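With these hints in hand, go ahead and build the complete structure from the sequences.
Sequence lines, in order, name chains A and B.
In case it helps, this note's numbering puts the first sequence at residues 1274 to 1391.
In case it helps, this note's numbering puts the second sequence at residues 1274 to 1391.
Hint data in this document are derived by calculation from the structure and do not stem from the laboratory.
Treat each hint with caution, since some may be false.
Said to hold, decoys possible - Ranges between beta-carbon positions, derived for each pair: (1) B/1319 with A/1276: 30 to 40 Å; (2) A/1294 with B/1305: 36 to 46 Å; (3) A/1371 with B/1328: 34 to 44 Å; (4) A/1276 with B/1275: 13 to 23 Å; (5) B/1303 with A/1327: 21 to 31 Å; (6) A/1347 with B/1319: 38 to 48 Å; (7) A/1326 with B/1364: 36 to 46 Å; (8) B/1281 with A/1347: 25 to 35 Å; (9) A/1327 with B/1350: 41 to 51 Å; (10) A/1320 with B/1276: 16 to 26 Å; (11) A/1326 with B/1275: 13 to 23 Å.
Said to hold, decoys possible - Calculated Cβ distances over 12 Å to all of chain B for the following chain A residues: (12) 1282; (13) 1318; (14) 1324.
What the hints assert, rightly or not - Examples of chain B residues lying across from chain A (beta carbon under 7 Å, computed): (15) 1275; (16) 1299; (17) 1300; (18) 1301; (19) 1312; (20) 1333; (21) 1378; (22) 1379.
Note that the coordinates shown come from a computational prediction; the quantities given were computed from them, not determined experimentally.
The beta carbon of each residue, even a glycine, is placed where N, CA and C say it ideally should be.
Protein chains: 2
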Amino acid sequence: VERFSFGVDAAFTPRDELLEGVTIAPLTQPVSLGSPVQAAVFRFAPGGRIARHQTTVPQILAVLEGSGEVSGANGIAEAIAAGEAVFLAEDHDVSTRDGLTALIVEGEGLEPFRGPNR
Amino acid sequence: VERFSFGVDAAFTPRDELLEGVTIAPLTQPVSLGSPVQAAVFRFAPGGRIARHQTTVPQILAVLEGSGEVSGANGIAEAIAAGEAVFLAEDHDVSTRDGLTALIVEGEGLEPFRGPNR
Chain A
1274 VERFSFGVDA
1284 AFTPRDELLE
1294 GVTIAPLTQP
1304 VSLGSPVQAA
1314 VFRFAPGGRI
1324 ARHQTTVPQI
1334 LAVLEGSGEV
1344 SGANGIAEAI
1354 AAGEAVFLAE
1364 DHDVSTRDGL
1374 TALIVEGEGL
1384 EPFRGPNR
Chain B
1274 VERFSFGVDA
1284 AFTPRDELLE
1294 GVTIAPLTQP
1304 VSLGSPVQAA
1314 VFRFAPGGRI
1324 ARHQTTVPQI
1334 LAVLEGSGEV
1344 SGANGIAEAI
1354 AAGEAVFLAE
1364 DHDVSTRDGL
1374 TALIVEGEGL
1384 EPFRGPNR
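In structure tokens:
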């Protein structure tokens, strides 16, 4: 059992001008180091955002707490809240007025759940 | 933007005698359908558990809410709580007295974050 933290104290503030008011706490090694996917918890402060950018690999964004808006290729903002996930294989941006904690998993070949129970 | 839910209403109760009082809400397609990893939110009711079993592929269990205990190959129970994760590539079991919600990501080649900020 190898233990590690992904709590607020373990998060870092990335040097990335696309991100405003967002910290990242990784769960996996990055794809750049050979991981099949990378997963991390992104914590958005109120007013935080990830500006529009290209998606280089497919990703799933799953809202763990709070609420916000995601807009994909068509630019139309869609509300998202805890318990909801979006699959993004397109340009997109993410923002929140009140704060948002999301798990993001990304990697080649990743596909969202499309099971029989939905 | 493809949307889906992983909330309580989207979770199912697996037919798996290893699991007691546990529901699963998948985020990805399963590895058996070609996904590089599979990720899901496991919700343990108070007293819920996953009995000891072999780990066929490496997994990361990240506690989103609540608390519980994980024991790995050595059988020693270790307390885990929200914000803490464990990497398991060994036989293990998971239990909780008070209830636990965890993200589990599993797949070949998966490795936990071992970054410079820890």
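(request) Compute the least Cβ-Cβ separation between residue 1318 of chain A and chain B, then decide whether it is above 12 Å. (result) Label holds. Min Cβ-Cβ 17 Å, cutoff 12 Å.
(request) For the hint on residue 1299 of chain B, just tell me whether its beta-carbon gets within less than 7 Å of chain A. (result) holds, 4 Å
(request) Classify the hint on residue 1275 of chain B as holds or violated, based on whether any CB of chain A lies nearer than 7 Å to its CB. (result) It holds, given that the least Cβ distance between residue 1275 of chain B and chain A is near 4 Å, below 7 Å.
(message) Under 7 Å is the threshold here; is the Cβ of residue 1301 of chain B close enough to any Cβ of chain A for the hint to stand?
(response) holds, 6 Å
(message) Would the hint on residue 1378 of chain B be counted as holding, given a Cβ-Cβ threshold of 7 Å to chain A?
(response) holds, 6 Å
(message) A range of 13 to 23 Å was offered for this pair. Does it hold for the Cβ distance of residue 1276 of chain A and residue 1275 of chain B?
(response) Violated: the Cβ-Cβ distance is about 34 Å, outside 13 to 23 Å.
(message) So, as I understand it, the hint says residue 1379 of chain B touches chain A; can you test that by seeing if any CB pair is closer than 7 Å?
(response) violated, 10 Å
(request) Confirm or reject the claim that residue 1326 of chain A and residue 1275 of chain B have a C-beta distance inside 13 to 23 Å. (result) Given about 18 Å between the Cβ atoms, the range holds.
(request) Please test the hint of 36 to 46 Å on the beta carbon pair from residue 1294 of chain A and residue 1305 of chain B. (result) holds, 39 Å
(message) 16 to 26 Å was suggested as the range; check whether the CB atoms of residue 1320 of chain A and residue 1276 of chain B agree with it.
(response) holds, 24 Å
(message) Within 41 to 51 Å: is that where the Cβ-Cβ distance between residue 1327 of chain A and residue 1350 of chain B falls?
(response) At roughly 45 Å between Cβ atoms, residue 1350 of chain B and residue 1327 of chain A fall inside 41 to 51 Å, so the hint holds.
(request) Using 7 Å as the Cβ threshold, decide whether residue 1300 of chain B counts as touching chain A. (result) It holds, given that the least Cβ distance between residue 1300 of chain B and chain A is near 6 Å, below 7 Å.
Hints 1, 4, 12 and 22 from the earlier list are contradicted by this structure; the remaining hints agree with it.
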